[in-house]
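> Chains as they are written, first to last, in this note's numbering: chain A, 294 to 580; chain W, 11 to 363.
Any given hint could be a false lead.
Derived pair list, reagent style SDA-like, types lysine to any residue, alpha-carbon separation capped at 25 Å [as the list claims (entries may be wrong)]: (1) K351/A with L25/W; (2) K14/W with E390/A; (3) K275/W with N333/A; (4) K351/A with A352/W; (5) K14/W with G475/A; (6) K420/A with K275/W; (7) K22/W with F399/A; (8) K275/W with R307/A; (9) K357/W with E390/A; (10) K14/W with V366/A; (11) K368/A with R356/W; (12) K357/W with T312/A; (13) K368/A with L274/W; (14) K349/A with L274/W; (15) K203/W with R422/A; (16) K201/W with N393/A; (17) K522/A with E462/A; (18) K14/W with E384/A; (19) K203/W with N381/A; (20) K357/W with L273/W.
Among the chain W residues that face chain A by a calculated CB cut under 10 Å, a handful are [as the list claims (entries may be wrong)]: (21) K14; (22) I18; (23) L19; (24) K22; (25) L25; (26) N82; (27) K84; (28) K203; (29) T205; (30) L206; (31) A208; (32) I210; (33) V211; (34) P213; (35) S215.
Please keep in mind that the hints were generated in silico from the structure rather than gathered at the bench. These numbers were taken from a predicted model, which means no experiment stands behind them. Note that the Cβ used here is the ideal one computed from N, Cα and C, for glycine as well.
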Amino acid sequence: MARDAIVAEELTYRYGELTAVDHISFNVAESEILGFLGPNGAGKTTTFKMLTGQLKPKGGQARLLGMDVMKNVEKVQGEIGVCFETTNLYEQMSALENLNLFARLFGMRSFDGNALLERVGLPGRGKDRVETYSKGMKQRLMVARAILNRPRVLFLDEPTAGLDPTSSETIRNIILEERERGATVFLTTHDMLEADKLSDRVAFMNQGEIVALDTPHQLKQQHGKRALKAKVAGDDGGLEDREITLDTPETPEAVRKLFSQEKVITIHSEEATLEDIFISLTGRGLV
Amino acid sequence: MSLKRVGILLGKEFLHGSKGYIFIFSIVAPLVISLMVSLIFGTLFTGKPTLGVLDEGNSQLIPMIQELDTLNIKEYNSTPEIRQAVESGAVDVGIALPADFDSSVTGGGKAEIEAYTWGESLAKDRSVIAVTITNLIREMTGQESPVDIVAITLGDEVSTPWGDRMLPVIVLVAVFLGGLMLPATLIINEKAKRTLEALIVTPASIAEVFTAKGTVGLIVSMFMGVLILVINQAFGSHPLLLVMVLALGGIMAVEIGLILGILLKDFTALFTVWKTAGILIFAPVFIYMFPEIPTWIGRIFPTYYIIQPIVDISQLGGGWPEIAVNVFVLIGLDIILLGIVASMLRKTQRFAT
Numbered sequence: 294m295a296r297d298a299i300v301a302e303e304l305t306y307r308y309g310e311l312t313a314v315d316h317i318s319f320n321v322a323e324s325e326i327l328g329f330l331g332p333n334g335a336g337k338t339t340t341f342k343m344l345t346g347q348l349k350p351k352g353g354q355a356r357l358l359g360m361d362v363m364k365n366v367e368k369v370q371g372e373i374g375v376c377f378e379t380t381n382l383y384e385q386m387s388a389l390e391n392l393n394l395f396a397r398l399f400g401m402r403s404f405d406g407n408a409l410l411e412r413v414g415l416p417g418r419g420k421d422r423v424e425t426y427s428k429g430m431k432q433r434l435m436v437a438r439a440i441l442n443r444p445r446v447l448f449l450d451e452p453t454a455g456l457d458p459t460s461s462e463t464i465r466n467i468i469l470e471e472r473e474r475g476a477t478v479f480l481t482t483h484d485m486l487e488a489d490k491l492s493d494r495v496a497f498m499n500q501g502e503i504v505a506l507d508t509p510h511q512l513k514q515q516h517g518k519r520a521l522k523a524k525v526a527g528d529d530g531g532l533e534d535r536e537i538t539l540d541t542p543e544t545p546e547a548v549r550k551l552f553s554q555e556k557v558i559t560i561h562s563e564e565a566t567l568e569d570i571f572i573s574l575t576g577r578g579l580v
Numbered sequence: 011m012s013l014k015r016v017g018i019l020l021g022k023e024f025l026h027g028s029k030g031y032i033f034i035f036s037i038v039a040p041l042v043i044s045l046m047v048s049l050i051f052g053t054l055f056t057g058k059p060t061l062g063v064l065d066e067g068n069s070q071l072i073p074m075i076q077e078l079d080t081l082n083i084k085e086y087n088s089t090p091e092i093r094q095a096v097e098s099g100a101v102d103v104g105i106a107l108p109a110d111f112d113s114s115v116t117g118g119g120k121a122e123i124e125a126y127t128w129g130e131s132l133a134k135d136r137s138v139i140a141v142t143i144t145n146l147i148r149e150m151t152g153q154e155s156p157v158d159i160v161a162i163t164l165g166d167e168v169s170t171p172w173g174d175r176m177l178p179v180i181v182l183v184a185v186f187l188g189g190l191m192l193p194a195t196l197i198i199n200e201k202a203k204r205t206l207e208a209l210i211v212t213p214a215s216i217a218e219v220f221t222a223k224g225t226v227g228l229i230v231s232m233f234m235g236v237l238i239l240v241i242n243q244a245f246g247s248h249p250l251l252l253v254m255v256l257a258l259g260g261i262m263a264v265e266i267g268l269i270l271g272i273l274l275k276d277f278t279a280l281f282t283v284w285k286t287a288g289i290l291i292f293a294p295v296f297i298y299m300f301p302e303i304p305t306w307i308g309r310i311f312p313t314y315y316i317i318q319p320i321v322d323i324s325q326l327g328g329g330w331p332e333i334a335v336n337v338f339v340l341i342g343l344d345i346i347l348l349g350i351v352a353s354m355l356r357k358t359q360r361f362a363t
């Protein structure tokens, strides 16, 4: 059985009167990818900062790799990699200078920056100043910086936000490769499809609390409704939409009627999306 | 704290931070001000100091002075003559050696010399003359004879040359531009660009990051302070003491810079503080620019305790006994500010939000 790489127990943080994170508890196993989802202001970033040692919790405890984060900040931070949502590279420096600086701070004696740049799809651009990079290139460099120390726990905050499909795909592949290597991944994202595709489990956060945490499949089973969606021939010669909710006592009769009474042109089943589930759980969207 | 990581961060600041305009400004501005003051007040191209001598007993001291390259010497025959020469500025300092001067000092007696000083002569010139005469007398007697040079200023007492009056301003600008503005801008820049966030999730602690930035400020501050004193030939006879005072002053500047860097969010706020609160930093220099202002007013301001020892050493020829009290106050202020910085670092968690 895999050990837990991240354990949050009753983790709490308040900004003055506002409780941003309210006694949340969860764990992430080694080599697991946890998608951490929620709208703006839900408390995701505050949780992210408490887990990475940037913020001291007002209550509860965060443990990474068996260590209390606040009591072992330096050790914990030597074992993690963090990719932030906002670009925070040294733009006047080249990509290689950026990577070399951080490699030295991690105490790495041998480090091949060019190989890492090639891995994230930036071959031959190592000596260019970061300020000349596009947003996608900068984001890939941020991911490179986050994984340069071969972290045991990788924290990614919206790593593909606003990127072109190629850059997004490159980053998703790297996340999966890192998991294959054995890293645990804590992935904060707005992108439900990305979370669904990458995550072993997802946690929904809303107003400082975790409202659901399970595998995407289980969440859909428990909270989503499946449906049949059909296009049938209309009386005027056009197409009309029909939808039948699955998994209810009325479903068989509704399906029989559809096929006996209408001319079905196309039909497919549709699962609930994570966004549908989030809305059904919280009554609000993700943005 | 890892000194290795501080060194890595320090290297980054010097390699990449040195291209920033504040870095360049903190080096160029004091030099430009110093050169302008030197050009305007004529201290840049002044020659050797001139010593006037009234020798009533064929002292051996005179040929010894004549052999030196560091002083010009002019001889006079009477007290009114030499006083007239000093008052008119023909010589910087005039000394009268009594007939029994040599026998008195070689016999172990205390050498007391009246030195008429031209009010507008440069402090460094007076200092050079005083130190030279003292050394020559000791050379002549072959022992550490006590030498008491009694300075009598002729002319207006407040006619200190503007080159000397401006020196505290220039030194303070040099120390505080590098010491205060550099760490403050480096921190604010890292906060604004959120690179500080990236640094503090590595094994590097916030204390290491701030130590590196403070060290950059201290090095630039001290370098510029020393350079300004070298340019103005104002090192006096105790250069090590002067460097120590500059270091303590640089530490104060750095600590204030770190506090501002922690508190302020952007450059606009920093420059507003620099313009408004700058008066607290530079207030003491007015007592040197305008000697009629009572000295006690200067003591209210922390930077007085940097400037006064520098003036004591570089312009008044003072040593440790003269500066000790002010230096201890300066050390106390540095310790208090260090405590404030440490406390703020512990309490401040959200540097990048």
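> Hints first: check each against the structure and report whether it holds.
Checked hints:
no. : hint               : result
1   : K351/A with L25/W  : violated (39 Å)
2   : K14/W with E390/A  : holds (18 Å)
3   : K275/W with N333/A : holds (23 Å)
4   : K351/A with A352/W : holds (21 Å)
5   : K14/W with G475/A  : violated (30 Å)
6   : K420/A with K275/W : violated (31 Å)
7   : K22/W with F399/A  : holds (15 Å)
8   : K275/W with R307/A : holds (22 Å)
9   : K357/W with E390/A : violated (32 Å)
10  : K14/W with V366/A  : holds (18 Å)
11  : K368/A with R356/W : holds (19 Å)
12  : K357/W with T312/A : holds (19 Å)
13  : K368/A with L274/W : violated (30 Å)
14  : K349/A with L274/W : holds (22 Å)
15  : K203/W with R422/A : holds (16 Å)
16  : K201/W with N393/A : holds (21 Å)
17  : K522/A with E462/A : violated (29 Å)
18  : K14/W with E384/A  : holds (24 Å)
19  : K203/W with N381/A : holds (6 Å)
20  : K357/W with L273/W : holds (12 Å)
21  : K14                : holds (8 Å)
22  : I18                : holds (5 Å)
23  : L19                : holds (8 Å)
24  : K22                : holds (6 Å)
25  : L25                : holds (8 Å)
26  : N82                : violated (53 Å)
27  : K84                : violated (59 Å)
28  : K203               : holds (6 Å)
29  : T205               : holds (5 Å)
30  : L206               : holds (8 Å)
31  : A208               : holds (5 Å)
32  : I210               : holds (6 Å)
33  : V211               : holds (4 Å)
34  : P213               : holds (5 Å)
35  : S215               : holds (7 Å)
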